[in-house]
Every structure is written in C-alpha cells, then in structure tokens.
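Spelled out, the chains give:
4 protein chains.
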Amino acid sequence: MLKIAVLGVGRIGKMHAENIAAHPRASLAGVFDVHGPSAKEVSQKLGVKQYESAEAVFASGDVDAVLIATSTPTHADLLEQAIAAGKPVLCEKPIDLSLERVNACAARIAGTSIPIMLGFVRRFDTGHRAVRNAIASGAIGDLHQVIITSRDPGMAPASYIEVSGGIFRDMTIHDFDMARFILGEDVTEVSATGSRLVDPELMAKCADYDTVTVVLKTASGKQCIINNSRRAVYGYDQRVEALGSGGMAISENRPLNGMRLYSEQFTDQAAPLMNFFIERYADAFAAEISAFVDAVEKGAPPEVGFEDGRQALILAEAAMLSISEGRSVNTNEIG
Amino acid sequence: MLKIAVLGVGRIGKMHAENIAAHPRASLAGVFDVHGPSAKEVSQKLGVKQYESAEAVFASGDVDAVLIATSTPTHADLLEQAIAAGKPVLCEKPIDLSLERVNACAARIAGTSIPIMLGFVRRFDTGHRAVRNAIASGAIGDLHQVIITSRDPGMAPASYIEVSGGIFRDMTIHDFDMARFILGEDVTEVSATGSRLVDPELMAKCADYDTVTVVLKTASGKQCIINNSRRAVYGYDQRVEALGSGGMAISENRPLNGMRLYSEQFTDQAAPLMNFFIERYADAFAAEISAFVDAVEKGAPPEVGFEDGRQALILAEAAMLSISEGRSVNTNEIG
Amino acid sequence: MLKIAVLGVGRIGKMHAENIAAHPRASLAGVFDVHGPSAKEVSQKLGVKQYESAEAVFASGDVDAVLIATSTPTHADLLEQAIAAGKPVLCEKPIDLSLERVNACAARIAGTSIPIMLGFVRRFDTGHRAVRNAIASGAIGDLHQVIITSRDPGMAPASYIEVSGGIFRDMTIHDFDMARFILGEDVTEVSATGSRLVDPELMAKCADYDTVTVVLKTASGKQCIINNSRRAVYGYDQRVEALGSGGMAISENRPLNGMRLYSEQFTDQAAPLMNFFIERYADAFAAEISAFVDAVEKGAPPEVGFEDGRQALILAEAAMLSISEGRSVNTNEIG
Amino acid sequence: MLKIAVLGVGRIGKMHAENIAAHPRASLAGVFDVHGPSAKEVSQKLGVKQYESAEAVFASGDVDAVLIATSTPTHADLLEQAIAAGKPVLCEKPIDLSLERVNACAARIAGTSIPIMLGFVRRFDTGHRAVRNAIASGAIGDLHQVIITSRDPGMAPASYIEVSGGIFRDMTIHDFDMARFILGEDVTEVSATGSRLVDPELMAKCADYDTVTVVLKTASGKQCIINNSRRAVYGYDQRVEALGSGGMAISENRPLNGMRLYSEQFTDQAAPLMNFFIERYADAFAAEISAFVDAVEKGAPPEVGFEDGRQALILAEAAMLSISEGRSVNTNEIG
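Chains as they are written, first to last, in my numbering: chain A, 1 to 335; chain B, 1 to 335; chain C, 1 to 335; chain D, 1 to 335.
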C-alpha cells in the first residue's frame with residue numbers, strides 16, 4: 001500500500017483524498033490545508049491524520065508520496081520541497097502561471113529520478129484514451145487533423161477569472177496537453193483567435209477572452225484545432241476528434257443518463273451533459289491515481305510529467321502572443 | 001422501356017405514376033381511375049393517355065404491364081383480368097381482405113408464368129434490406145429473435161377503420177410480410193394480444209384494436225415480435241431489429257432532417273420522424289418499381305409475389321383467432 | 001451512520017460491502033460467509049469484523065441492519081431470522097425459487113414494520129428511472145406499451161443453469177419487476193413463448209429455454225413485451241422503452257467508452273456494451289444502498305419491498321404455465 | 001411552368017436537367033453542350049430540344065430562364081450573355097476563379113433586376129438550413145462559434161486539381177458561403193493554415209494544400225472554423241455546428257442507410273457516409289431549383305445571388321494570403 005498525503009483539500013483535493021482512500025493499492029496518509037477546518041472535516045470523515053503544515057507532511061516517515069492540490073501559486077514551491085524531501089509527487093496543473101517560474105523549478109529539480117506526475121486528468125478518460133489508442137494501433141492510419149472541443153458549462157466567478165492568468169492558462173491548458181497527447185508530436189506553430197461574447201465587460205476588464213480558437217501545427221504538418229467557450233448552456237462539452245488517412249475516431253460527450261425522449265415536437269432527445277469536471281472525469285480521476293501508484297511502485301517516469309506541464313504553458317504563451325500580434329507564432333519564439 | 005399503365009391514381013397511385021415516368025427503363029403508358037377528374041389531372045400533368053376503363057387498359061397494345069392501385073375490393077378482380085390479358089402486374093397490398101377470395105384468385109391464376117408482384121414496399125427500404133442482408137451474409141450468425149416496431153403517426157379516419165378489415169389486415173399485414181422477409185422461414189405459431197387505448201370507443205365499435213403485440217414462431221424456434229400502435233405522436237415509427245448468434249442488426253428510424261439541438265434542458269434532440277409512408281418509403285417505392293421492371297424484363301418471378309400476399313393474410317387471420325381464443329394458434333389451423 | 005453487516009461475500013456481496021463502506025451515511029459493521037476465507041479476505045481488506053455465524057450477526061448490538069447476499073436457498077430463512085432479531089433487511093433477489101416458500105415467509109413476517117427491501121437493482125438505474133419519471137411527470141402521456149429488452153452477454157455455467165429454477169426465475173425475474181415498476185399497475189395476463197436456440201442441448205436437458213418472449217397485460221390494457229436471450233455476443237443488452245399517448249421514452253444501452261470509430265467500411269462504430277451487471281449497474285447498486293439507508297433512517301417502507309419480490313415470482317410462474325399450455329394465463333390462476 | 005434550358009450537361013448539368021423536368025412548376029426547355037453527344041443523349045432521354053449553341057438558347061423565345069453548368073472558365077461569359085438576353089440565370093459556382101474577372105462581370109451586370117442565382121446548393125440542405133433556422137428563431141440565442149467540417153471522400157483527379165485554382169477556390173468556396181449563410185454577418189478577419197498530408201507530391205507541385213483550417217471572424221467577434229480534407233475514407237463528411245448563448249445546433253452526417261450493426265467487437269456501427277455530393281445533396285439540388293423558380297416567378301432577388309459568389313471568392317483570396325504571410329488577413333485588404 002502506497003501511503004499518499006494530500007495537500008489542499010478544497011473541492012478537488014477532497015475528491016482526490018477519497019479516491020486514494022478507496023484505492024486497492026494506496027492508502028490516505030493524511031491531509032493538510034492552510035484552512036484548518038477544511039482539513040479537519042476531511043480528516044475526520046476519512047479517519048486519517050490532519051497535518052499541521054506542509055513541512056510536517058514532507059518530514060513524516062508515514063508518508064510515501066504527496067498529492068498537491070493547493071492553490072496554484074503554491075504548486076512550484078511545494079513541488080520543490082517534496083522532491084527535496086524525496087517524496088514522489090502528483091501535482092495538480094498548472095505548475096505555475098509563469099513560464100519563468102516553471103523554468104526555474106525545472107532547473108532546481110533537474111536530474112531527479114523521483115517520480116513527478118502532472119494532473120492532466122483528461123488523458124485518463126476512457127473515451128479520449130480510446131482515440132489515442134486508435135491512432136497508436138493504426139486503426140485510423142496516419143494522423144492528419146485533430147479537433148478538440150472544450151467548453152465549460154458556465155463562467156467561473158469573476159474573482160477566479162481575475163487571477164486565473166487568462167483563458168489559455170486556466171482552461172485551454174488542458175486542451176494544449178490533450179493536443180500533445182493526441183498528436184504525439186511536438187507543436188511548432190500556434191495561431192489563435194479570441195472574442196469577448198459571453199461576458200464582454202469582464203473579459204475586457206481582465207484583458208481576457210471567453211471564446212477562443214487555437215490552431216496548432218506540427219513539423220510534419222499535422223493540425224489540431226482547439227475551440228473553447230467559457231459557457232455552453234447544455235453542459236460541459238468535451239469532445240476529441242481525430243482524422244487520419246485510414247479513418248476517424250471521436251470521443252463523444254456524456255449525458256447525465258441514458259434516457260431518450262420522443263414527443264410530437266422532437267425525437268431522440270437526451271439529457272444535458274454531465275456538469276462539471278468532477279462528475280465528467282470521475283473515472284479518469286480514479287484512473288489517474290492508479291497511474292501514479294503504478295509509476296511510484298515501478299519507480300518509472302509517470303505517463304504525464306513535469307515537462308508536459310511546461311510544454312502546455314509554452315503553447316499558452318504562444319497563443320497569447322499570436323492574438324496580440326495577429327500572426328502565427330513559432331513555439332521556438334517562446335521559452 | 002417497359003410501358004406500364006397505372007390503375008387507380010389516388011395518393012399512392014399518383015406517386016407510382018410519377019415514379020414510373022421518372023424511371024430510366026420504364027415509361028408511363030397511361031392511367032385510369034373510376035374518378036375521371038383524378039385520372040385527368042394526372043394524365044395532363046405527366047402528359048400521358050387517360051384510359052376510359054380498366055378493360056381498355058388490358059386490351060391496349062401500348063401497355064406492357066399494369067400497376068393496380070385501386071381500392072382494395074377491386075384488387076383481386078383486376079389482377080385476374082390482367083393475367084387473363086397477359087399483362088404482368090404490380091398489385092398494391094392486400095390482394096383482398098378475405099382469405100377465401102384470395103384462395104379463389106390463386107386457383108384462377110394457378111400455373112401462370114406472367115410476373116405478379118405484390119406491393120410490400122418495405123422490403124425495398126435500404127435499412128430493412130440491410131438487416132436482411134446482414135442475416136444472409138452471416139454477419140449476425142444464426143437468427144434467433146426479431147423485433148418489428150411499426151406505429152402509425154396517427155389514427156386513420158374512422159371511415160377507413162370501419163372498412164379496413166381490422167388492424168391485422170390493414171396495418172400489421174406489412175409487418176407480417178416483413179417478418180417473413182427477415183425470418184426467411186415459415187411461421188408456424190402465432191400469439192396475439194390486443195388493447196384499445198388510443199381510441200377505445202371507435203375500436204370497440206369496430207371490434208378492432210389500436211395497440212397490438214403479435215409473437216410469431218417458426219418451426220426451428222426463431223421468434224418475431226411485432227408491436228403496433230395506431231398512433232405514435234412523434235411520427236411514423238418503423239424499426240426492424242434482428243438478434244443472431246453472432247450479433248445484432250437494427251434498421252433505425254428516420255427523422256425529418258439531420259439537425260440536432262442542444263439547450264439548457266436537453267442535448268442531441270432530433271426532428272420528428274418522417275411522416276408518413278410516402279415520405280418515409282419514398283426511395284423504397286422507387287426501388288419497388290425497379291424490381292418490378294427487372295422481373296418483367298427477365299421474365300422471372302418477382303422477389304415478392306402472390307403467395308407472399310396470401311401468407312401475410314394467413315398470419316392476420318391467425319392473429320385474430322389467437323386474440324379471440326386467448327391461445328397460441330398454429331398456422332395450419334388457417335387456410 | 002447506519003451500521004450494516006453483509007451476509008455472503010461472493011462477487012455481489014463483496015461489491016455491496018465496498019459500497020456500504022464508501023457510503024457517506026452508512027458504515028460496514030462486519031461480514032459473514034459460510035466460506036470462511038472469503039469473509040476473511042473482505043474483512044481484512046475493508047478493516048471490519050468477520051462474524052462466525054449469521055446468528056452472531058443477528059445477535060450483535062453493533063449491527064443496525066443486514067444485507068443478505070448469500071446463496072438463494074438461504075434467503076428466506078435468513079430474512080425471517082433478521083426480522084425476528086429486529087434488523088432491517090436488504091435482501092438480494094429472489095426471496096426463494098418456490099412461491100410456496102415465499103408465501104410461507106410472507107405469513108411469518110406479516111405485520112412487521114421493520115423495513116424489508118428487495119434487491120431489484122435495476123430500479124435504481126438512472127436511465128430506467130428516467131423513463132419511469134417521464135411517465136410519472138406526464139411527459140409521455142398515458143402509458144400504452146412497454147418493451148423491455150434484456151439479454152445476457154453469455155450463458156451462465158451449466159452448473160448454475162441446472163439449479164437456477166429456469167430462465168423466468170433466474171433472469172426474467174428482473175424484467176418482471178421492471179415491468180411492474182414501469183407499468184405502475186398490476187399485471188393480469190401473461191403470455192409466454194420459449195425457444196432453445198443458444199444451447200439447445202442444455203436447455204432440453206433442463207427443460208428450460210434460452211430465448212423467450214413474454215407479453216404482459218394490465219387490467220386497463222397496457223402491454224409490456226419482455227424479450228430475453230441468454231447470449232447477446234455484443235454485450236449486456238439492457239433497454240427499456242415506453243410508448244405513451246404523448247410520446248416515447250427509451251433507456252438506451254451503455255457502451256464501454258464514448259469513442260466512435262469511422263473507416264472505409266463503416267461509420268459511428270461504438271465499443272461493445274458494458275459487461276456484466278456489476279459494471280452496467282455499478283451506479284445503481286450504490287444508489288440502492290442509499291435507498292435502503294433512507295428507508296431505515298425514516299422508518300419508512302422501502303421503495304421496493306417483499307411483496308414486489310413475491311409478485312415477480314407470480315409472473316414467472318404464470319409465464320411457465322403459459323408456455324406449457326400454449327395459452328394466455330390470468331395471474332389470478334397463480335398463487 | 002417556367003421553361004428552363006440547361007447549358008452544360010456533364011454530371012451536374014444532367015442532374016439539374018432531370019430535376020427541372022421533374023419539377024411541378026418548371027419544364028426543361030432544352031439542353032446545350034459543347035460536347036454534342038452528351039447533349040444528344042440527355043435531350044433524347046428527357047424528350048427535349050438539343051440546342052446547337054448557347055447563343056441559340058439565349059435567342060430562343062421558348063426559353064424563360066437558363067441554368068449554367070458548363071466548365072468554370074465559361075461561367076462569367078455565359079452569365080453576361082444571359083443577362084444581356086434578359087434571361088434569369090441559375091449559375092453553378094464559382095462565377096470565375098479570378099476575382100478580377102468576377103468584379104468585371106459585376107460591373108457589366110450592375111443594376112439589372114433580372115434574377116441571378118448562384119448554385120451554392122448546401123444552403124438548401126434540410127439539416128444545414130435547420131441550423132440556420134435555429135439561429136434565426138432564437139433557439140440557440142446569440143451566435144458565438146461555428147464549426148464547419150467539410151471533407152471530400154477522396155482526391156479529385158490530378159488533372160482537375162491542377163486547374164482548380166487551389167483548395168480554397170475549388171472546395172472551401174462552398175464552406176465560405178456556408179459560413180456567411182450561418183454567421184449572418186460579414187467576415188472581417190481570415191486566418192488560414194494549410195498542410196500537405198494526403199498527397200504531398202501533387203500538392204507541392206500545384207502549390208496547393210489538401211488539409212486546411214480556416215478561422216473566420218466577424219466584426220462583432222463571432223468565430224467560424226472551417227476544416228477541410230481532400231480525403232476522408234469514411235465518406236463525404238459534411239457537418240455544420242453552431243454554438244450560441246442559449247444552446248447548440250449541429251447538422252449531422254448522413255450514412256448510406258439506417259442500419260446499425262452489433263457484434264462481439266463493436267456496437268452501433270453505421271454504414272459509410274453518402275458519397276458523393278450528388279447523392280448527399282440530392283434533395284438540396286431539387287430544392288435549389290424550387291428556390292430559383294420561386295425567385296423568377298416573384299421577380300424577387302434569389303436567396304443566394306451574384307454578390308454571395310463574389311464574397312466567397314474574397315474569402316478564398318484572403319485565406320491564400322493568410323497562409324502565404326503567416327498572419328491574420330483583414331477582408332478589406334482583398335478586392
């Protein structure tokens with residue numbers, strides 16, 4: 001049993017703690033949160049220790065590994081401390097909003113063989129993964145074009161938007177990683193378009209966008225189109241489509257239930273989509289823990305690592321530059 | 001070019017006349033209808049001769065073959081006359097509502113080599129036919145169970161219901177033929193259940209049913225479930241499902257168009273189903289003409305012949321007997 | 001927290017034990033199994049007490065309620081003992097294969113106000129339940145016709161088939177309960193058809209069937225068609241369709257993942273269906289525990305009770321009689 | 001009856017001629033083709049006059065209107081002649097490959113009130129049109145983002161590619177018009193990406209692309225993503241998706257038939273897509289003739305006119321410029 005402690009038990013951290021507790025080859029070693037009452041509630045419900053500080057976690061002999069689900073600005077520091085303490089890490093994305101900080105972190109942890117895994121949970125979705133497997137197995141031939149549709153069911157609160165680092169860093173970041181996962185090849189060119197249609201005032205205030213399209217291209221010419229909206233009223237829209245020389249694979253959306261309704265006005269009506277990521281990716285979050293446990297047990301590099309987090313951030317910066325200059329940006333220009 | 005005359009140009013006959021006129025290997029030789037103005041309108045629109053009587057059609061040297069789309073009680077007489085005149089016939093179903101009359105007709109035309117085709121148009125639907133082909137090709141292994149769902153979008157007028165011969169002869173008759181087409185084996189047992197739910201008063205008055213289930217069984221044990229309703233508000237529901245030892249094939253419904261709608265309340269909503277048979281089976285009606293032209297050109301027995309019409313009627317009688325006696329009926333007990 | 005002990009920790013009992021342990025308002029009070037090692041394994045993994053006997057469970061002050069997941073022949077006895085001990089019960093179906101035994105059990109527990117819930121898990125499936133809600137809310141008007149398609153992915157072992165009590169009691173029993181759940185009205189007539197197509201030899205040896213169709217009818221004329229096969233190679237086929245005067249609702253199947261594949265030969269191909277009931281009804285099994293906890297907490301009769309188990313068995317007996325006599329059977333003739 | 005002559009009876013012209021002949025309010029006034037035998041064949045089959053020259057058609061008092069389906073380089077000349085002769089015109093797209101020539105043509109026909117309709121047939125597809133109607137009716141709120149997926153089933157012959165004017169003018173041109181149809185607002189910015197993946201050699205030789213993505217933006221910020229491939233092995237992929245503030249509408253693909261296949265390896269497999277445009281848009285081509293007849297009868301401007309053809313060409317030129325300069329292009333920079 002791998003004893004994993006969870007740092008940060010907000011909505012996501014709490015869910016991770018429960019998944020660890022339920023995992024057949026892992027156990028929950030304890031929790032910590034700067035907001036004591038949150039940590040207390042989770043520790044009591046799951047019957048585990050509440051640590052008084054992150055340092056105490058890193059120092060504990062009862063902790064084999066840590067999961068970092070604290071607020072974004074603390075990720076890089078905690079990650080560095082965990083590595084210094086010799087604890088394998090599963091860190092929620094992003095590593096940091098600043099590429100400079102990420103690069104500094106990379107320098108500090110360079111050469112470590114301690115497993116570091118990034119929480120790009122969508123890689124563990126059975127549908128998205130089946131698309132990738134279809135490519136890997138040759139079922140759709142050579143890959144030509146990818147379309148990632150990723151739309152939130154509704155705007156995050158203004159307080160979050162204001163500090164999120166912008167749509168490319170708070171939302172598209174997942175799709176940048178998905179693009180890399182599906183393309184299986186480095187992206188060389190980035191071309192982005194942004195609009196303010198859902199909440200023009202807030203977006204203008206934050207110099208941000210709520211409706212964006214990003215076109216990525218690899219050296220061999222493979223294309224990936226990412227389209228995002230901060231609000232799709234029909235639910236959390238999460239689709240991945242891959243066109244190849246021999247066919248196409250699409251990971252479709254998931255409605256709340258399997259019922260279809262027919263009436264005088266319509267047929268085949270389904271329920272709204274699962275809403276939101278904790279529901280939609282519930283199975284993927286559990287599979288992510290398994291992948292982390294596997295990596296630590298084998299001492300192998302996790303399937304999605306630190307460099308994947310850094311590369312996604314580079315694509316986000318390239319997209320921002322592309323919009324501001326109205327041109328295609330080469331990823332070599334960044335980072 | 002096969003010169004085909006159409007007898008009876010009501011809604012169905014008119015559609016047949018247009019299909020014949022548009023057919024690459026057939027031409028419309030003329031039309032006749034006891035209601036002169038109907039025949040006149042069609043003859044003028046399509047630029048063909050209006051015959052003064054059915055006899056004139058049969059006597060004409062300009063007519064190679066006839067399509068009978070007159071009222072049901074005239075079918076058997078006209079069919080006999082056509083055969084006597086040596087004209088191949090495509091006759092709308094049913095041959096007659098009375099099995100006795102059909103048997104008499106069979107006796108009179110016994111031994112003829114003149115092609116006689118019955119208008120069981122659903123056999124020519126690309127979806128239903130693909131199900132049959134999936135069985136024939138072995139794609140689903142040995143056939144075990146068939147489900148035919150067949151529901152009208154709304155009640156026919158009371159005036160029609162009162163003389164239709166009952167639901168098994170006016171509506172299920174198509175499904176009995178489809179069952180035979182899909183089963184590919186004689187039906188030996190019939191068990192039927194009827195309810196009066198759509199229009200209880202009219203149904204009671206006519207000693208008829210508006211909601212029925214019929215279970216058919218062949219000698220080898222293959223089962224076919226037919227379910228009918230005289231009113232499905234979402235449109236003309238026409239599905240055929242076949243379960244085999246190696247898989248399943250389903251012919252699905254067709255909505256009016258390919259648009260899917262998503263909103264805050266629902267996802268993936270399609271349009272109502274095509275409504276009614278002339279729209280739903282438009283392609284099949286055209287393919288039926290082709291099959292008739294093929295059969296006449298080759299002098300071969302048509303794919304669906306007189307005996308198919310008689311067998312469907314036997315199943316209808318068996319279903320009626322099953323309901324009245326509350327038991328499974330062997331088809332040997334009929335006809 | 002409701003402390004629930006689990007009797008019988010085979011495949012289903014173990015799954016129930018895990019669901020109880022993970023439930024926010026329940027805790028696992030311990031387990032018992034006549035096969036000691038099985039109980040030991042589960043007790044160790046979940047960190048709970050292993051009881052030495054069912055009697056010890058019933059006598060324990062640490063047990064608030066019991067879940068019976070032992071072999072079928074022990075259900076009725078254990079249920080009676082639980083009630084005698086004042087423990088609320090969630091009992092896996094069926095209560096017993098013999099209607100006589102069930103009736104005796106009913107007599108012994110008559111008048112008890114202790115909650116007894118039957119494990120007809122499909123009632124808790126979100127799709128099937130949405131169909132029922134669509135009926136209850138009036139979304140499809142008055143109910144006319146129900147079609148329940150329920151096919152196992154493959155034959156159970158011969159050793160199971162030989163003692164299962166026949167397809168109506170081992171498999172259709174779930175569909176009989178689903179029919180009652182969806183119809184919302186007592187069934188008065190039962191008409192069944194059986195074939196031996198999947199494994200004719202074994203079926204003949206057991207005087208059983210592997211492919212059956214049962215048509216149920218209520219006093220008001222509502223119809224329900226159940227079709228079963230002991231082997232659908234494409235997976236566990238579980239569909240419920242309800243036609244009403246105002247529309248239709250269908251609970252569709254669930255494939256293993258959301259990927260669709262396109263190639264030169266086909267389009268829109270989905271994965272095989274979830275296989276088998278523990279996967280397909282995973283959410284429903286968890287919801288079932290919640291419903292039981294709710295009922296016990298409120299002291300209210302569970303949504304699905306002892307009498308539901310008895311009624312399903314009556315329909316199974318009626319179906320057997322219908323096949324053997326080739327006629328429609330009135331449920332008054334049974335029990 | 002509107003008497004329409006068809007100029008050019010290759011594959012498309014012949015289909016138009018048949019649709020006109022079958023139209024209830026139009027008749028085929030005759031045909032002309034520079035390749036005499038083609039014209040002769042069609043004229044004989046449909047029983048209409050074969051004209052000896054385009055001039056003879058324009059001079060004829062028996063011709064009310066003309067449909068131009070000749071080779072692209074002749075479109076503008078014939079269109080000008082038709083207008084000079086006072087004949088309403090339905091002209092296949094494009095007007096010309098050269099924007100200069102189109103502008104010259106526009107100058108020559110300026111001020112005419114004679115109906116001129118462009119053959120952007122996809123506007124008449126029931127699914128695509130339903131998407132537009134969903135927007136117009138407010139069913140999906142304010143429009144935010146459009147995705148047009150448009151992929152040919154296979155490469156056109158090299159001989160065609162070499163003179164086609166490039167993918168934006170031979171293929172995307174339809175999608176540019178569809179974008180304008182759906183957006184309902186002028187496009188101001190164009191950003192394009194092109195790859196050579198299907199047939200890199202031929203594409204390089206022609207300085208063309210076989211895999212392209214174009215992102216369009218309107219003044220108000222609405223986005224439209226067009227993705228094209230010259231080869232989708234699963235058939236002719238034609239989808240239109242519109243995201244709005246209140247929902248989403250998608251026009252889905254059409255398989256060859258309605259059959260779904262299930263096996264041990266997969267479920268819900270559909271047939272390949274309709275292949276190619278004459279099959280896929282058969283209904284739309286017929287509806288296009290109706291729209292033309294309507295416009296001429298009412299003397300009203302057709303729904304899709306000369307300027308629509310010119311605007312689509314401007315977008316094609318903008319896309320080419322965008323690729324060559326690796327930047328977003330403002331439509332004001334063109335034409």
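Keep in mind the hints are simulated off the structure, nothing from the lab. From a predicted model like this one, the values you see are computed outputs, not experimental measurements. Take these hints with a grain of salt, some might be off.
Note: identical chains are not told apart, hence a pair may lie in one copy or across any two.
To be verified - Listed below are the simulated BS3-like cross-link pairs for lysine-lysine, each with C-alpha atoms no more than 25 Å apart in a straight line:
| hint | residue 1 | residue 2 |
| --- | --- | --- |
| 1 | K87 | K49 |
| 2 | K49 | K205 |
| 3 | K205 | K298 |
| 4 | K298 | K45 |
| 5 | K205 | K87 |
> So which of those numbered hints doesn't the model satisfy?
Replying inline: 2, 3 and 5
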